[in-house]
Every structure is written in structure tokens, then in C-alpha cells.
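**Q** Numbered per this note's numbering, the sequence shown spans residues 75 to 254.
Hints listed in this document are in silico derivations from the structure and should not be mistaken for laboratory results.
Among the hints, a few may not be true.
Claimed, not checked - Pair ranges (Cβ atoms, derived): (1) 175 x 205: 24 to 30 Å; (2) 215 x 168: 51 to 57 Å; (3) 233 x 211: 36 to 42 Å.
A quick note: this is a predicted structure, and the numbers were derived from the prediction, not measured.
A virtual CB, placed ideally from N, CA and C, is assigned to each residue, including glycine.
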Amino acid sequence: KLFNFTCGANRTCGFNGVYQPPVRGQFFAFSGLYYNLHSLNLTGGQPLSTVNATIWQLCTRNWEEVQKEFPTRNRTHLRDACAASSYILTLLLQGYKFSHETWLNIHFVRQVTNVDVGWTLGYMLNLTNMIPTETPQKVIGLQRSSWIAATVLLAIMLILIFCLLTVICCQRKLSGYESL
């Protein structure tokens, strides 16, 4: 089995026992769903019974009959049309729980308001949701006063080290050691 649709009692679920709310509203099916059903002339708002019958006829015909019915269609796409159509029906009916009543709420489209829709557009629209609505605040590592204090402390330490090295050098000369 490709999908596991088993579910506990009194639950509506789709894939692998995950809760699936009831279908309501209008839906757009695009990309592969559109192109597959468009090639079978099933994107014009046909009822589910017509879609089922058309796909069943396609899948029960022999290869020669299918080629005669769709002479201009790419052979690779034509070869996979039965499997792809069956997959789409399984996905929409059993996975997303569309029914005879809700089937007409699915609109198989290539464009919405003269704009091509596809996964890339959907991905970009999703990315725009990540853009903050307000300008992010300036990132500050340390306050200016902290930098000044750190610089002053570093300068004092360098001066003390210099003084300590000077005292050590002067004591060597005074202690009677000769340089080599």
C-alpha cells in the first residue's frame, strides 16, 4: 500500500492516521494535477462520476486504443496517464477526503487571474510570510561605554606591563650582571 488510511474510531484522518479536518471551501489544483487531468479533458468542472468513468476507461483499454485516442500526446506521459490519474484520485478522495459533494469545489487550473501558478510561486509566497512586518532593530554587541572601559583597561594593562619590564631590565643592570 502506498498510503495508510486506517484511523481510530470517530476520527477523520487522511495519511497515516493523522487528523484531517472536513473539506470545505474552494480549492485550486495545479501543476501535475492540472496537466494530467487536462490531457484527459477533465478540468472543466465535470462531476466525480465522469472523472472516475473517464479514468476507468483509460486504464482498461489496451495500448493501441489509447494511442489512437490521444495521437498527439507525448508517449511517456500517455504511458503514465493511468497510474498518475489513479494516484490523483486516491490522493484527493482518500487522502484529502473529497467526496461527490465536495468534488466540484476543486478547480483544476493552470492560471489564476492570468498568473501562472505552480510550486515555485507557492514557495515564494510562503517565503514572503517570513519577512518581518517591522524593520528589525539594530543589533548591538556591546554598549559604547563598555567598549571605552575595555579599551582603557587594556591600555592601563599595557602600560603596567611596559613599566614592569622596564623595572626588571633596570634591576638586572644594577645587580652587577654583565651583558654577553
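**Q** Next step is simple, just say for each hint if it's right about the structure.
**A** Hint-by-hint comparison with the structure:
At roughly 39 Å, the beta carbons of residue 175 and residue 205 sit outside the given window of 24 to 30 Å. For residue 215 and residue 168, the hinted distance range of 51 to 57 Å is satisfied, since their beta carbons lie about 55 Å from each other. The given range of 36 to 42 Å is respected by residue 233 and residue 211, whose C-beta atoms sit roughly 38 Å from each other.
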